[in-house]
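J.: Sequence:
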Amino acid sequence: MSTATFVLAATSSEVLNVIAAFVGGLIIAGALVWAVQFGMTVRDRELPRPNPDEQPHLPDGGAVRESREMREPDEVPHAEGGKRLMPYELHSSSSRTRKDQHRRRWMPGTSGSFGSGGLGR
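Quick note on full-length UniProt numbering: the sequence shown kicks off at 1 and runs consecutively.
These aren't lab readings, by the way, just hints derived from the structure by calculation. Accuracy of the hints is not assured; some may be wrong.
Stated by the list, open to error - Label-pair distances were calculated between CB atoms; the ranges are:
hint, residue 1, residue 2, range
1, Gly62, Gln101, 18 to 26 angstroms
2, Leu85, Arg105, 35 to 43 angstroms
3, Gly30, Leu58, 43 to 51 angstroms
4, Leu47, Asp74, 41 to 49 angstroms
5, Lys83, Arg103, 34 to 42 angstroms
6, Asp74, Asp44, 49 to 57 angstroms
7, Arg105, Ala79, 34 to 42 angstroms
8, His102, His57, 36 to 44 angstroms
9, Glu72, Pro48, 50 to 58 angstroms
10, Gly24, Leu58, 53 to 61 angstroms
Keep in mind that this is a model prediction, so the values were computed, not measured. Glycine included, each C-beta is placed from N, C-alpha and C at the ideal position.
My request is simple: use the sequences and hints to build the entire structure.
T.: Below, the structure is given as structure tokens:
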């Protein structure tokens, strides 16, 4: 084999690599164009978006405000005479409104939390 054959073989493989890269790029570009067209046809089949007057809005009385209340645990009632409690005899939630709604505030000289270094009570 002469040097000319090696040069010809090397250039032909380079040309094939360039052609393969170009064909691969065309396939990827075609797939992207198809995906965009498919997405547009799917979007055209969807229901139209609601108008601004069909959007949800605040009630006439304004925004609903948060209610604050002190809660206390609501214990499960004890069954009398060994009778089994049925689900309808239980309360719907595990807490109830506290009778005293006064919120206890932090007092100076009391510890804020465990390990805070306060004097404690």
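J.: Which of the numbered hints above does this structure break?
T.: When the structure is compared with the hints, none of them turns out to be violated.
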